[in-house]
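Engineer: For the record, the sequence lines run as chains A and B. Here the first sequence stands for residues 537 to 811, numbered as in this note's numbering. Here the second sequence stands for residues 39 to 409, numbered as in this note's numbering.
If you are wondering where the hints come from, they were derived from the structure by calculation, not from laboratory data. Take the hints with a grain of salt, since some may be wrong.
In the SDA-like style, the derived pairs of lysine to any residue whose C-alpha atoms are separated by at most 20 Å in a straight line are [what the hints assert, rightly or not]:
| no. | chain 1 | residue 1 | chain 2 | residue 2 |
| --- | --- | --- | --- | --- |
| 1 | A | 621 | A | 585 |
| 2 | A | 778 | B | 40 |
| 3 | A | 675 | B | 42 |
| 4 | A | 645 | A | 598 |
| 5 | A | 666 | B | 62 |
| 6 | A | 756 | B | 49 |
| 7 | A | 778 | A | 673 |
| 8 | A | 668 | B | 39 |
| 9 | A | 621 | B | 49 |
| 10 | A | 621 | B | 128 |
| 11 | A | 758 | B | 50 |
| 12 | A | 778 | B | 42 |
| 13 | A | 675 | B | 40 |
| 14 | A | 758 | B | 49 |
| 15 | B | 128 | B | 164 |
| 16 | A | 756 | B | 224 |
| 17 | A | 675 | B | 43 |
| 18 | A | 621 | B | 48 |
| 19 | A | 675 | B | 39 |
| 20 | A | 666 | A | 569 |
| 21 | B | 128 | B | 177 |
| 22 | A | 671 | A | 591 |
| 23 | B | 128 | B | 224 |
| 24 | A | 756 | B | 39 |
| 25 | A | 727 | A | 717 |
| 26 | A | 621 | B | 177 |
| 27 | A | 758 | B | 48 |
| 28 | A | 778 | B | 39 |
| 29 | A | 695 | A | 708 |
| 30 | A | 671 | B | 39 |
| 31 | A | 778 | B | 43 |
| 32 | A | 621 | B | 43 |
| 33 | A | 758 | B | 43 |
Residues from chain A that face chain B, not an exhaustive set, calculated with beta carbons under 7 Å [as the list claims (entries may be wrong)]:
| no. | residue |
| --- | --- |
| 34 | 573 |
| 35 | 619 |
| 36 | 620 |
| 37 | 637 |
| 38 | 718 |
| 39 | 722 |
| 40 | 725 |
Source: prediction; values computed, not measured. Beta carbons: idealized from backbone N, C-alpha and C, even for Gly.
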Amino acid sequence: MQQDDRTRVAPIDKAEALITGQGRYLYCVADRGEQVSLGPIGIDGSNVYTIPYRDICAVVHECLAEPYNSTDREVVNSWVLAHQKVVDEAWERWGTVLPLGFDTIVMDKDEVGAEENVRNWLQSDYDNLKSKMGKVRGKAEYGVQIFWELQVIAQNLAKTSPEISQLEEEIKSQSRGVAYLYKQKLENALKRELESKADQCFRDFYERIRRHVVSIVVEKTKQGDQNTQMIMNLSCLLSRDKSAELGEELENINSIEGFSVRFTGPWPPYSFVGT
Amino acid sequence: MEPTRDTHYTLVDLLDRVLDKGVVLYADVIVSVAGIPLIGVNLRAALAGMETMLSYGVMQEWDQKVRAERSEIGKQGELALAAGEQLRLKIFGSHYYSEGIYSAWRQGYVYVTDRRIALYQPGFGGTLFETPLEAINGLAIQRDNHSLTDSQRENLCLSLSKGDVALLHALDIYKLREAIEDGMSALGLTTREIPAPPMLNQSAARFLAEGEQVIYRGKMWHMMELPVPGAKTMDTWSPGHLYITNKRLCWWHDFEQKVLFEVPLGGITAVAVEVRQLGSMLKKDRVLDVVYETELGRRVACFSGDELLQWEKALKEIIAKQGVVTSGQNMDTCPQCGEEAPVGELLERGCSRCGWVSPRLKKQAPEIAIS
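Isolated chain A, as found in the complex (with noise of 0.2 Å):
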């Protein structure tokens, strides 16, 4: 009898000890076994810290073992900017860092304490993390998007193009039923020629940017408005001194009669990461 009162009692008395609900949210992983706090720079003021497992560390903040969450677009915006803005800071701080995306938190779990379930994970990982580390060492992110404006290109287009050119000739000569129809046969023809155009484009552009990067992840494009078109959208991996050298194919690309060429970053090395 007095035995089972005592394993009763015991796992209740373990569960007061420990405060239950807690998380680490966690920026980044970088490159030094360090054991510091970096202020209150984190999200909505939090201070933000290290939890060191060997030669690396975790860049954390304390809070509830709960996403954060909102509807307002511009609180998410601000978060991902605070996000930003710790990575950066670890980053210039340690030279190396693994970003991790928005929102990982770690919990406490089974009577485990989130920030030994964070050193527990550092452990576990500590290979894969290093080898990820060796990987991004001295290198930084950039965004390459080139755009085409779609009437210059069209207009190029129906220039070079003899199929277009003479249907252009044929509609003029035409009634106006037969010019309707006419009309869609050259919309058709154009858009082959654009599709294709787009294709050489990216072939081209593509192996010209390749020469001056280590490594590429060639991202979704998106809808641009009407007439400026994202024909390319890629994330490029290369030594921050490369930069300038990129910069100067893109300026190549950029002079080009109907294209431009966004180039943000440096960024931490978010896309060359994963897994």
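Please build the complex by placing chain B on the supplied structure of chain A, with the hints as guidance.
Structural biologist: Below, chain B alone, put in the same frame as chain A:
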């Protein structure tokens, strides 16, 4: 060209990276951002595409929830029962739906619960017919003898409050009636056998003369001559119902809701079915030509629809009977060769042309031989 980090566009670029990328932590100690239909997630969806997120496992819970919802929708093959509602019978059947000129048997599952009867069509249809058991005043089994093909079909007639009548058909009509009656008696309601209403298109009742009975009926297209400005007429096929009564052949026009063609049975002189072009828009199909006599001379009425050969046969029998009536004898056709002969002669002696003998006569023959 210098890379930049501080314009409006770079915020989008940053959001892409921070929301959708970075080190992925595969551990069960991670607070998931799952199941949150809020902007964080929406933003991710818009920027990254679902697959990425799902492959990262970030939205696993959300995914499961959505899948569960989807499978709920998939399960809507069943009528939703109210809390505590007991299902007594579920049987494949149909309900006769009639609205304006449209009428059809709509198929689905007939559900009889302890409270109601419903016809439920899985998929898009949903609940097509429903009535509480309390609303039923009486039941009747109705035999549809007028259709040419399934003349033995039986329907369950429900007399409802406000004088409405619902027609149901089921694989086992008696089982359906039993379930309804059981359900009603469990509610303390008495069931009453009502006289079976005649199986008619509602319209038929409006034009039948006293003592006139429908023998056959069916949906039928009729070629009408429409007057066209300028001398000529134009032929148009119109939808309606063709009836053979004990007095006449008549066609009810569905649009105008009246009889537009009629001829006394005695006026019909010949029928024929042939395949021909049905106007310029339609494909070739069978057409039933009914030749009849009027004061103005011989006329032909054209019909198109299902079961034309059966109609032809039925009309030929009528024509044959007309002749018999005048000669005072009942005529029938030999089931083997089709030769027309008086009924009595066929049954008692067999067919004079092909030698067919009725089975009843065959059966009797040995007995006669023994005695």
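Engineer: Run every hint past the structure and note whether it holds.
Structural biologist: Verification of the supplied hints:
no.: 1; hint: 621/A to 585/A; in the structure: holds, 14 Å
no.: 2; hint: 778/A to 40/B; in the structure: holds, 11 Å
no.: 3; hint: 675/A to 42/B; in the structure: holds, 16 Å
no.: 4; hint: 645/A to 598/A; in the structure: holds, 15 Å
no.: 5; hint: 666/A to 62/B; in the structure: holds, 14 Å
no.: 6; hint: 756/A to 49/B; in the structure: holds, 17 Å
no.: 7; hint: 778/A to 673/A; in the structure: holds, 14 Å
no.: 8; hint: 668/A to 39/B; in the structure: violated, 29 Å
no.: 9; hint: 621/A to 49/B; in the structure: holds, 13 Å
no.: 10; hint: 621/A to 128/B; in the structure: violated, 64 Å
no.: 11; hint: 758/A to 50/B; in the structure: holds, 11 Å
no.: 12; hint: 778/A to 42/B; in the structure: holds, 15 Å
no.: 13; hint: 675/A to 40/B; in the structure: holds, 16 Å
no.: 14; hint: 758/A to 49/B; in the structure: holds, 15 Å
no.: 15; hint: 128/B to 164/B; in the structure: holds, 15 Å
no.: 16; hint: 756/A to 224/B; in the structure: violated, 65 Å
no.: 17; hint: 675/A to 43/B; in the structure: holds, 16 Å
no.: 18; hint: 621/A to 48/B; in the structure: holds, 14 Å
no.: 19; hint: 675/A to 39/B; in the structure: holds, 19 Å
no.: 20; hint: 666/A to 569/A; in the structure: holds, 12 Å
no.: 21; hint: 128/B to 177/B; in the structure: holds, 19 Å
no.: 22; hint: 671/A to 591/A; in the structure: holds, 16 Å
no.: 23; hint: 128/B to 224/B; in the structure: holds, 18 Å
no.: 24; hint: 756/A to 39/B; in the structure: violated, 23 Å
no.: 25; hint: 727/A to 717/A; in the structure: holds, 15 Å
no.: 26; hint: 621/A to 177/B; in the structure: violated, 79 Å
no.: 27; hint: 758/A to 48/B; in the structure: holds, 14 Å
no.: 28; hint: 778/A to 39/B; in the structure: holds, 12 Å
no.: 29; hint: 695/A to 708/A; in the structure: holds, 16 Å
no.: 30; hint: 671/A to 39/B; in the structure: violated, 26 Å
no.: 31; hint: 778/A to 43/B; in the structure: holds, 17 Å
no.: 32; hint: 621/A to 43/B; in the structure: holds, 12 Å
no.: 33; hint: 758/A to 43/B; in the structure: holds, 19 Å
no.: 34; hint: 573; in the structure: violated, 22 Å
no.: 35; hint: 619; in the structure: holds, 6 Å
no.: 36; hint: 620; in the structure: holds, 6 Å
no.: 37; hint: 637; in the structure: holds, 4 Å
no.: 38; hint: 718; in the structure: violated, 31 Å
no.: 39; hint: 722; in the structure: violated, 34 Å
no.: 40; hint: 725; in the structure: violated, 31 Å
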